Amino acid sequence: MAVDPNKLKTILITDCGSTTTKAILIEYKNGEYRQTTRGEAPTTVEKPFEDVTKGVLNSVREVEELSGRKILNGDDIITPAEGLNGVDIYMSTSSAGGGLQMMVAGVVKSMTGESAARAALGAGAIVMDVLASNDGRLPHQRIERIRHLRPDMILLSGGIDGGTVTHVAEMAELIAAADPKPRFGTSYRLPVIYAGNKDAREIITKTLESKTALLIKDNLRPVLERENLTPARDAIHDVFMEHVMAHAPGYKKLMAMAHEVPIMPTPGAVGLMIQSLAKAEHIAAVGVDIGGATTDVFSVFFDKGTDSDVFNRTVSANLGMSYSISNVLAEAGIANIMRWVPFEMDEAEVRNRIRNKMIRPTTIPQTQEELQIEQAISREALRLAFVQHKSMAVGLKGVQQERTISDAFEQTGSGETLINMMDLKILIGSGGVLSHAPRRVQSALMMIDAFQPEGITTMAVDSIFMAPHLGVLSTVHAKAANEVFLKDCLVRLGSCICPTGQGKEGQNCVTVKYTREDGSVVEENVKVGQMKLIPLAEKLKAVVVPAKGFDIGAGKGKEMEVDLEGGTVGLIIDGRGRPLVIPEDKKERIKKLTEWNQALGVYPK
Amino acid sequence: MAHAYTPGLKVTEKTLIKKDRRLPLKGQVIVKKGDKVGSDQIVARTELPGNVQPVNVSGLLGLLAEDVPSHMMKKIGDPVAKDETLAESKGFFGLFKSSCKAPVAGTLESVSSITGQVILREPPMPVQIKAYIDGQVTEVSESEGATVEAFGSFIQGIFGVGGETNGDIKVVAADPSQELTVEMLTPDCKGKVVVGGSLIRYGALKKAAEVGVKAVVVGGIDDADLKKLMGYDIGVAITGHEEVGLTLVVTEGFGQMSMAGKTFKLLKSKQGLKASVNGATQIRAGVMRPEVIIPLGSQDAGSEAVKEAGGMEIGSAIRVIRQPYFGKIGKVSALPHELQQLESESHARVLEVTFEDGAKAVVPRANVELIED
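Going line by line, the protein sequences match chains V and E.
Residue numbers for the first sequence follow the working numbering, beginning at 1 and rising by one.
Residue numbers for the second sequence follow the working numbering, beginning at 1001 and rising by one.
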C-alpha cells in the first residue's frame, strides 16, 4: 500500500543501532517539518530481552514523556494520529545484531569483484571478504573462507554480458562445494544473488539451485564501461528483509510495527541522505559515521571517466569507538594514538584504558583527560577508515580511456581514487564521538586532523545522529526529509581553509581578506604551523592569498576569490600545511597540540 | 525513563545453571532426559562434512573442459582412495596415456564440463560435545543437542581467553588485592583452577601453563602481558579458541584491579570443589562473558529466587567501571532526573554513589554496573 505523503503530519522513526536505539518525532508545524523530540534506550537484541522491539518501545516511551504525546497503546504504536494521540506513520532503520554481513565474489578482483563490493556496500552491508578467481588464494582456501565466515548472503557476479562463463562457473562451483550455512537459523538456505554474465545463468542455476536460495538479477557490470548496481542492491535489500532480519531476535515484531515502509539497514539510509545533499547542492561531499563497531565513509565525487557523480560507501567493519576500539589500537599502533594526546601519559595506561572500553563498551568519558584520550583514538579510527575509503572509491577499472592532450598532462587513469580533497566542498561527521562532542569545535578538529581537507571545505556534523531516520523517511517523503536534514540535522560548523604545501615555521602561510556584513574590512594572516579560529556566522566572499609554496586550489602562491561559510564554530584557518606533520619529539608535540587546542578553544583552560 | 546503566556481572552462590549443548549441524544425541552426566561425558556427536579439494582435471590432462566427463574413471558419489586414478587421457592407440590421481581420499562430489574441474570431498570430521558441567540432562532436542542443568555457584568474568576446561579450585592469594606471582604456582597447582587476587603478569601465566594449571581466575591483567601471552594484539573481544596452554578468566578488567570481595570470598569458600571454566568472550551481538561454574550436587543446597534484571534504585549496589573511580564499589544514594554537566563538559544522566568508605561521588549512570546476585 503506497503511503500518501500529504497525510503525514506526525512521523515517528527509530534507528536500532548496535548499542543504542534512537527514536525521533517529526511534526509538521507552521508550514514546515521539524524534528521536535528525541528519545533513546539501549538496544535489546541480547539476553535477557532478545527482542529488538523492547528497546524500540523504551525509546518511544521517552519520546512520549518528553513530548506529552500519547504514542503507545500497550506495545502498539497508535496510527494514524488524532489530536495529541498517536502518529501518522512509524518507520525504522536497523543495524542491530551486527547488521548485514555479506561475502561477494567476482571474476577479476579489481573489476567485477570491486563492482560487487560497491553494490553490497551501497546497500548497507558489511563486506566480509571479496573472492575472485585471481585473489591469490587456492581454491580450497576460498572454500575454507566461505565455510568459516558464515555470511548472511553471497553476491556472485562476474564477466560482462557475452564474456567469460568459465570463471564465474568456477566461483559457483566453489560456493556449492563449500555448502555454506547462514548465521541465523539452521532451517533456511543461504541466499545467493547472481548478478553476472547473463550467458552463465543456466550453469549457475544448475550448480547452485539445489544448495542455496538462488536469485538471479541483471548483471552489475554488463559492459566494461558501465556499472548497473541498482538491481543487485535492491535484491540485497529484499533478501535482507525476508531472510536475515526475520531471523534476528524480535525483528518479525518490528517488521509488523513498521509495516508501511520497509525497514532499511542504517548505513543504506545514511548513504541516501549524503547523496541527496550532494545532488541538491551540486557539490562533492564526504560523510562519515563513526559508531561503536564500524566506521562508514560515504562520498560523492565526479568521475571524469564516466562523466557522472559517483557515490561510494565503505565500511571499516572493525574500526569503532566501543566494541572495535581495540582494533583501532591494533591497526594504528599505540604511537599513532599517542601523537594526538596533548599531555604526558604512560602508554601502558592508555592501552589498559582502551581495553577497558572494549570490555565495557557503553561507558562515557567523565573527565577531560578521558575525553581527550577518546578523541585521540577517534582521529586514528577516522583516518584509517578514510584510507580504506580512498582505496575503494576509484574509477571503473579495466576501462580504456581516450585522452585529450590536456588530460595527458594530468596523467590520471582508470582505477585511480576519485577522492580529490581540493574538490571536496563539505565534510559531514556523524556518530557519538562527533555528534555528541561537548564542544562543536572538537568535532571540527577531529575531522580536520583525520581527513586533512585541502583548500576550502565546509565542516558539518549531524546534530544528534538522525541521518538514518531521515534516509528512510526520504523514501516516502523526500521534502520532509530534506527540510529536517537542513534545519535540524545538519549543523554547519563553518569553513576551513587548509593550504597544501610545506614551509618553515613562523613564515607567512596564508592571508585571508574579506568584508563583514557591517562593512568592516578584515585581513587575517596565519603563519606556518599556526591555527586560527575566527568567529563567523554569516556567508561571505573572501580573497585568500597563499604564500609562496602553498596552494589553496588555484596553484602554488596563487590567490583565489572564494565563498566562505560561517557556522557554530566559525572560520578555521589551518596553517599546518599538507600533508600534516606532527612533531615526533614528545615535548615538542605536546607543546604544539596544546597551542593548537588553545588557539581554537578546543578544551577548557 | 529508559534505563541507562550496564547490567552487572552475575556472582551468585546458589542458582540454577542451564547449559545448552548444541551441535553445529544435526547429529546424534547420546544422552536421555533425566540422565546424570559428568563434565567430560559426551552428550552428542555429529560429523561435519569433510573438506573439499578441487582438482583441475582439464588442466592436468590437457583436455577441453567439455571433454572431462568422458575421461573420468569414477562416477559422482564414488569413493576414491588417495593416489587412485580419477581420470585418464586416451593417448594414441592406447599409448602415452596420462592420468590424474586423487590428491586426497574421499568421494567424488562433482565434475564440471564448464570449468573442467572435479571436486573431491574428504571424509567427514567427527565433532563431539561434552556435558561441560556435572549435572542432569533436563531436555533433549532430537538430533541437535541437550540441556544440562545443575544447581551451583556461578561467577561471570568480564573478559577471558581459552575454551572450556575443569579442575578443582585452589585459591593461592591471601586476599583479593594480592598479585598472583610465580612463587605461588607450585607443582600441586597441576590440573587445578587457580584463583589469584588483583593481577597476574606474563611470567606467572607462563609458569602456570608449565605447571599444568587448567585455568586461572584473577582480578586484572595488563594489556601488554596479554599481548605477550597471545602473541598478538586482540582486535575485537571475540575469544575462546586460543591455545595458550590454559584458560584465563579476568573478573574486573585491564590493569591491577582487586577482585571484587564477594567473588573472592565465594571462590575461597568453594576451595577444593570441582569447577567448570570457560574463557570464551564475545562482546558483540550475542554477548558472552567468561564464567566459572561450581556445581553443588543437589538442589538441597538451597536455591535463591532468580531475580529479574530490574532498574536501578536508591540503595542498589554498584561498581564504577570507568575512571576516575574505576573499580570502586558503593551504593546508589541519589538518582537525579535531570541531565548534568560532567567535568568533560558532556551532559549525561548521573547518579550519586556512596562508596564503602562513606565518600560520595557523582558519576554518569552509563559508567556503573549493578552488582547482581
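If you are wondering where the hints come from, they were derived from the structure by calculation, not from laboratory data.
A couple of the hints might just be wrong.
The calculated label-pair distances, taken between Cβ atoms and stated as ranges, are [claimed, not checked]: (1) Glu1183(E) x Ile590(V): 36 to 42 Å; (2) Glu1183(E) x Glu347(V): 50 to 56 Å; (3) Gly519(V) x Leu1335(E): 52 to 58 Å; (4) Pro583(V) x Leu1335(E): 33 to 39 Å; (5) Asp75(V) x Val1287(E): 23 to 29 Å; (6) Leu1273(E) x Pro583(V): 37 to 43 Å.
In this text, all values refer to a predicted model and were calculated from it rather than measured experimentally.
For glycine and all other residues, C-beta sits at the position ideal for the given N, C-alpha and C.
Each hint, compared with the structure:
1. Glu1183(E) x Ile590(V): 36 to 42 Å: 41 Å, holds
2. Glu1183(E) x Glu347(V): 50 to 56 Å: Once the Cβ atoms are compared, 29 Å apart, the range 50 to 56 Å for Glu347(V) and Glu1183(E) is violated.
3. Gly519(V) x Leu1335(E): 52 to 58 Å: Hint holds: Cβ distance 54 Å, inside 52 to 58 Å.
4. Pro583(V) x Leu1335(E): 33 to 39 Å: Check failed, 46 Å falls outside 33 to 39 Å.
5. Asp75(V) x Val1287(E): 23 to 29 Å: With Cβ atoms ~24 Å apart, the hint holds.
6. Leu1273(E) x Pro583(V): 37 to 43 Å: Given a distance of about 58 Å, which is not inside 37 to 43 Å, the answer is violated.
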